[in-house]
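Trainee: Protein chains in written order, with our numbering: chain W, 1 to 86; chain V, 1 to 86; chain S, 1 to 168; chain D, 1 to 168.
Hints may contain errors.
As the list claims (entries may be wrong) - The following label-pair restraints were derived from C-beta to C-beta distances:
no., chain 1, residue 1, chain 2, residue 2, range
1, D, Arg165, V, Pro82, 14 to 20 Å
2, V, Glu24, D, Arg41, 37 to 43 Å
3, W, Arg18, D, Gly89, 40 to 46 Å
4, D, Glu65, V, Glu20, 38 to 44 Å
FYI, nobody ran anything at the bench for these hints, they're computed from the structure.
C-beta atoms are modelled at their ideal positions from N, C-alpha and C, and glycine is treated no differently.
Below, each chain spelled out in residue letters.
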Amino acid sequence: MRTVDLVYFSWVRERIGRGEERIELPDTVLTAGDLIRHLKGLSEDHASALEHENVIRVAIDQEHVDHDEPLGAAREIALFPPMTGG
Amino acid sequence: MRTVDLVYFSWVRERIGRGEERIELPDTVLTAGDLIRHLKGLSEDHASALEHENVIRVAIDQEHVDHDEPLGAAREIALFPPMTGG
Amino acid sequence: MDADAARDKPAFPAASIPLTVRVQAESFDTAAEIAALSHGRSDIGALVSFSGLCRDEGGALAALELEHYPGMAEAEIRRICLDAITRFGLQGATAIHRYGKIAPGAPIVLVVTASAHRKAAFDGANFIMDFLKTGAPFWKKEHRVDGARGDWVSAKDADDSACARWLR
Amino acid sequence: MDADAARDKPAFPAASIPLTVRVQAESFDTAAEIAALSHGRSDIGALVSFSGLCRDEGGALAALELEHYPGMAEAEIRRICLDAITRFGLQGATAIHRYGKIAPGAPIVLVVTASAHRKAAFDGANFIMDFLKTGAPFWKKEHRVDGARGDWVSAKDADDSACARWLR
């Protein structure tokens, strides 16, 4: 088990109902994709927010990563929908 | 014979030695290309300025035309090198 | 890296190229930003600016609200600008992106590029905007005039294709 | 048509689209021109500006001197801008070109385009510059720092190819 800080943005944040949380991660959660699937088991709100896994973007310590990226020594992991700035 | 006003720019102007002149055109001068060849016979300066006919651009009454364009009722005909604005 | 570190870090491999990146709630002075990038320089032949403004969508939109990821937003824009500077040989770049509530007619984003020649300046500004739209962590929510609950703006496939053209 | 007639003629087929075309010796205020095109409007989503500046060519150039064909210069730029407005659905355009002696670092030309969307604004500005370079009657002469007799700048084949891409 290890501790990570999660941050959420846009409708991911709205559906989960909070902008950040600190959680304990089981050792079986190795990649960004594993993390998304793990979070979906935490609550109905998490499941609703992350229902369509393929549209969820992940940033580890403020850099974009693919879903197969190992979490490594990540301190802050962000989950959010496709970006719409500019 | 008819009278037209000619205007010259850039190195065409410099080589001919003036920015404008009014000349009488023989009736055999029908197109912009005819005009260039006619002018080359007027003086050494004209011949030098218009030596490379294919690079000389022509505007009739302030609109670009090709060398085969009939002069028609042109009042002002401009001869100049390729443009380099912008 | 956090936003302050990104701001102070020298811009390798373009350490001497002026680069300004700001993420801010307040508006900005497009004119002053363009002037700042060219002031006192005579090696710049081309300056291109792009301003993205909030449209009122035919009067239906009361405001856009922009959420952002503090720190990463600036770091990501900085990465994109440095890519553009290297790729197009830019002589300077400025990118400013706002967050918070933005009224119709007000500016959201500004990109300015400077180069010796026109093509590089145009391409650089386009490149920065393409990648900023798909890679900088900002999200737009619409507030409608009729008071209806606003929707999050959807990402466009066209924005991804716009990026893909630079990979050809 | 002479310059005054061109200035006053309504811009068909885009009669209600703001179009400003000026050919002048004096410098211009880029900021003010950009602001003028967007002021009080909330239907514009994208504003692109291009400024062409006089480069000093590594310190060798004292000034550029621009000769122009009065009347035709403005009429031709106006034709090009109207083409761009129609072709790209622009919501406004401004084009200003200077003549006379221009010092290194000073602006020569400004093009500003406004549109609902980014691509049209970028394409419109690029299109106007491509055709302005090859079609507007201006000629540049270099004045060198060493006092040597200046040369007329040669037209570039690349400028013609840049225009050709719009005909594809």
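Trainee: Now, for every hint given, state plainly whether the structure supports it.
Mentor: Hint by hint, here is what the structure shows:
Checked against the hint of 14 to 20 Å, the pair Arg165 of chain D and Pro82 of chain V passes, with Cβ atoms roughly 18 Å apart. With their beta carbons about 55 Å apart, Glu24 of chain V and Arg41 of chain D fall outside the hinted range of 37 to 43 Å. A beta carbon spacing of about 44 Å between Arg18 of chain W and Gly89 of chain D agrees with the range 40 to 46 Å that was offered as a hint. A C-beta distance of roughly 19 Å is found between Glu65 of chain D and Glu20 of chain V, which places it outside the suggested range of 38 to 44 Å.
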